[in-house]
Each structure stands twice: as structure tokens, then as C-alpha cells.
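Respectively, the protein sequence lines represent chains A and B.
Position one of the first sequence corresponds to residue 1 (the working numbering), numbered consecutively onward.
Position one of the second sequence corresponds to residue 1 (the working numbering), numbered consecutively onward.
Honestly, I wouldn't trust all of these hints.
Said to hold, decoys possible - A short list of chain B residues far from chain A (calculated; beta carbon distances all over 10 Å):
1. R40
2. R41
3. A62
4. E82
5. Q170
6. H181
7. A198
8. T282
Stated by the list, open to error - Mimicking DSSO-like on lysine-lysine, the simulated pairs with C-alpha atoms at most 27 Å apart in a straight line are:
9. K81/B with K274/A
10. K218/A with K274/A
11. K264/B with K264/A
12. K109/A with K274/B
13. K274/B with K213/A
14. K81/A with K109/A
15. K213/A with K274/A
16. K264/B with K213/B
17. K213/B with K274/A
18. K264/A with K274/A
19. K213/B with K264/A
No lab work stands behind these hints: they were computed from the structure.
C-beta: ideal position from N, C-alpha, C; glycine also.
2 protein chains.
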Amino acid sequence: MSTRPMFARVAFIGIGLIGSSLARVMRRDGLASEIVVASRRQETIDRAMELGLCDRTTLSAADAVKDADLVIICTPMSTYKEIATAIAPALMSGAIVTDVGSVKAPTFKSLGAALPDYVHFVPGHPIAGTEHSGPDAGFPELFENRWTILTPAADTDPEAVERVAALWRQAGAKIEMMDPHHHDQVLAITSHLPHLIAYTIVGTADDLGEDLKQEVIKFSASGFRDFTRIAASDPTMWRDIFLENRDAVLEVLSRFDEDLTELKRAIRRGDGDKMFDQFTRTRAIRRGVIDADQA
Amino acid sequence: MSTRPMFARVAFIGIGLIGSSLARVMRRDGLASEIVVASRRQETIDRAMELGLCDRTTLSAADAVKDADLVIICTPMSTYKEIATAIAPALMSGAIVTDVGSVKAPTFKSLGAALPDYVHFVPGHPIAGTEHSGPDAGFPELFENRWTILTPAADTDPEAVERVAALWRQAGAKIEMMDPHHHDQVLAITSHLPHLIAYTIVGTADDLGEDLKQEVIKFSASGFRDFTRIAASDPTMWRDIFLENRDAVLEVLSRFDEDLTELKRAIRRGDGDKMFDQFTRTRAIRRGVIDADQA
């Protein structure tokens, strides 16, 4: 006799890298009796079906969430408002709605505010990913030993929160509960600023003359290639992140700017001691990352 | 009957990540009848001996180069002048002197100018490395499928250049001949700017309060950790790079600054189209890196 699945019907709205990875976990471990996938593009839902990620597909988000006890929104954040409005009337009482977006405070307005009182809203963010996008890019091990941050409001039903947490734990993730504003501040530093910088530096190289550009690609193994990987991330998703987390990003960017100006001055003056000090203390952070098992 | 080794006596001045990796190649493939390692620290040469990287060690660079037909300088660039002065009287006629430093134009002054006319100076730069340092960090596969750039003066004996090229090819490297000034410009973009940015951003995080810093480390998998790896590179080596390649680095840094200001403005204004365009064109560079087999 098999154990009862965690969920009866799960609806994925959007099935890219994150959604399809989580769907693969649910298929692998039999966590849902039925999985329905909705996407705006026929091609995407066809592919989700071919990949065996779900039992049923639809082009309508409202159709997908009908009778679902768990709805997982895995689309770019710019679509949240429209999706929330579309699914709200179709949601069943007691359903859990969660998401995987990279900025959390705005989800309470864009998503939470449009949902009926009789559903549980548990915003989430798995700190995992690759530079690849789409349903083919997913794999079930993506979340293993990575953090998933949940940012529910204080008055959210603890049982609903625990069901979402249990799902992520089943995917191998470690769970952290966090205030959504604090989440957005931390991620502005750990994720949004690094991506912004990587996009910028790769763009700077792209502006070079064609000959020089080819040489930059040829000799990219010297540091540049790591930035090209980051700067190959999904453009829609990242546009939305910078639109949604504008203030926190601009704040850390101005700190970064100050620090860069200081190092620039050290280079201009030939101040080797200052550079050596700076380059030494950054090593301690790397050791922290390694000790935290996140390297 | 074994084939004759490429070199009779090879002297390594400095035996860190790069030097010890190349020494391992030479040992593996029997490329030298004898390898001598010189370093200023007793501990380092003892370790080189324990690791089986050489036949003989010495604390004196001058002693090491005696009767050597190949001298490979693998020390931070700030030591070049002192080393050149020390070894010049001890070099044998016809010896080849090469190096592995990351900035090439200045080597003609710091190293080349002090060498006697009867030796061949062939500056080199293997585009390979890791964030680890020291003789234990080396491994013989480090150079495989990576570029090594050689920047000899136009009047250098072609046979001497070819012998150095052949050594690097034996290590699995692809060879590129380049003007030293052009090398320094290209590397300012592909290597020096990325490292400067990584050192800066990790330093910015290090300036945060202790609690926030711990969270940044905890959630570093979201982009930041790649920067911490780059920013863990050897501080002495990188100080020297920014001292030696100051002008080219400041030039690309000012282009980067302009581009970052433009993106910052797009974020402040909520200009999603501009961001989307920028984030889309950087993907093409990533494809170039993958196509060039440097990913």
C-alpha cells in the first residue's frame, strides 16, 4: 500500500526552469495525484506533456487551478497581477497559493491582494537556478542542499505554511522563514547586484569593436566567462526583478559604487597596500561560503 | 630507448599554482633532465621537494639558473626587477628566460632590460588558473585546452620562441602570439576588470553588519558565490596586476562605469524595455564563449 500523496491536484502556472524542476520532483516522489500545467504558449504546454511533467495541460490559468489544493505560480513577476485576477474566482476554498519569484514584498500587492480570503497565500523563493530557461532546462536535483525562503504574512495558517515547507524539504531544500522586506534586501546583495554587474560588464565587452570582442571571447577563461554565465540568465525574469526590487537594488548599488571609486583611486595612485588589504579580506568571505556548504 | 628530453636543466623561480602545475607536466612527460626550484621561503622549497616536483632546490635564484637552458619565472610581478638583477650574471649563453605573469608590456622593462644579450627572452602568459595558491594547488591538467599567449619582441630568435611554445603545447595549451600592449588591453577586459569588480562586490558585502553578512554567505548560491570564488584569488598577484596594468584597467573601468550608470538610470526610471534589450544581447556573448569551447 503506497502512502497518500501530499497533494490531490497541483496546478503549475508557468513551467520553466524552476517549475519544471519542482514538477519533476513531484513526479519522481509521487507527491501529487494529479498535476496540471498552464502556460500561455501552446508550444510550452505541449513540451511539458512530452516531458511527462503533468497529467493535463491548459492555456488557461483559471482552468488549471480549478479543484487544485496547491497552486504554484512560476511565471515572471510582471504577470502576477493578471494571473491573480484570472485565477481568483476559480480557486477552491482552502487552496494554497505559492510562488517562486525572486522579490517577495511586492507579491502581497501583485498576487496576495487579489486572492480571496478563503485561500492560503504562502510566497516562496527557492535560492537555486542555472543560466538556462524553459521546461527542458529543469532537473529534480536543482534544489538539493539549497535554501528555499518562505515569507508568509504573520497571520497565515501555519498548517498551510508547513505543507509548502514539506514540499520543498522533499525536494532536498533547507527552509528559512523570513520577513519579505528583509528577504528583498538580502537578495539585492547576494543576487540582484551580482547579476546587474555581470550584465553590465558583458555589455561593456559587447560594445567593443568586433575584432576585440572575438578576442575577449577567446580568452574569456581568465575571469570573464563566469560573468557571461550569469549574464545569460533569463532576460524577462531579470527585468522584472529590477523593476520590483528597485529601491533595495539602487541602495546596494550606491554602496558598491562608493567602494569601486575607492579602489579606482587606489589603482590610480598605485596604492598597493590598500589593494592588498582589500584583496585579503575578501578571502575570508569565500571561506565563509565554503564553510556554509554553499560553494 | 627513450626520446631526449626537451630541456637539460630547467629552473623554476617561484613554485605556486602555475609553476607547480607546469613542473608536474614536465615530470609526468619527462620534459627535463633536471628541474631546479628556487623560492625565497624554505617552507616552499621543502614542499616542492616533498611533492616530487624537482630534483634540487635552493633559496637563491642565481644558483638555480646556473647551467639552466630554460628559466621559468613564476613569482609575483613586483619581484621581477630584483630577480632579473640577481640572475643576470648567472645565466648561461643561449638560455631561454620566460615568465607566466598576467601583464606583458612591463616585463620588457622589469625583466627583459636587465637580462644579458646572449639569452632569449620569451614572455608568456597561460590563461588558466584557479582561486587556490601555492605548490599544493597545482595539477598537470590546468593548461589543457586553454590558451597560452606568448609576447616576444619581433627580433627574438624564432627557435627559442618555438621551444617555449612546444613546452606549452605539451601541457595541452593552445598557443597565441600577441603584441604585449594588445595583450594587456584584452586581459584588462577579460580578466582584470572582472577580478576588480568581484573584489569590490565581495568587499561591499564584507562592510555590512555581521548579521546581514552571515545571511549573505548563507544565501550566496544566488549569484554572489561566483564572485567570492574570483575574489579569493591570490592578493599579491592581483595587487601587482593592478599596479602593472594601471592605464588599461582604468580605461575599461571608465567604460564599465558609464554602462553601469546607464543601467542604474534604467532601473530608477523603471525602463523595462531598456533592461530587457541589455539582458538579451549579453546572451549572445555567452553563446560565443560556449562555441569557442571556453565555457
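Now for the hints, and whether the structure bears them out:
1. R40: Holds, since 17 Å exceeds 10 Å.
2. R41: 18 Å, holds
3. A62: 26 Å, holds
4. E82: 15 Å, holds
5. Q170: 19 Å, holds
6. H181: About 13 Å separates H181/B from the closest Cβ of chain A, which puts it past 10 Å; holds.
7. A198: 8 Å, violated
8. T282: At roughly 4 Å from the nearest Cβ of chain A, T282/B sits no farther out than 10 Å, so the non-interface label is violated.
9. K81/B with K274/A: 22 Å, holds
10. K218/A with K274/A: 32 Å, violated
11. K264/B with K264/A: OK: K264/B and K264/A at ~19 Å, within 27 Å.
12. K109/A with K274/B: The hint holds at about 25 Å.
13. K274/B with K213/A: 22 Å, holds
14. K81/A with K109/A: Holds, at roughly 8 Å.
15. K213/A with K274/A: 32 Å, violated
16. K264/B with K213/B: 24 Å, holds
17. K213/B with K274/A: At roughly 22 Å apart (the allowed maximum being 27 Å), K274/A and K213/B satisfy the hint.
18. K264/A with K274/A: 11 Å, holds
19. K213/B with K264/A: Distance of about 24 Å is within 27 Å: holds.
Of the numbered hints given earlier, the model fails hints 7, 8, 10 and 15; all others are met.
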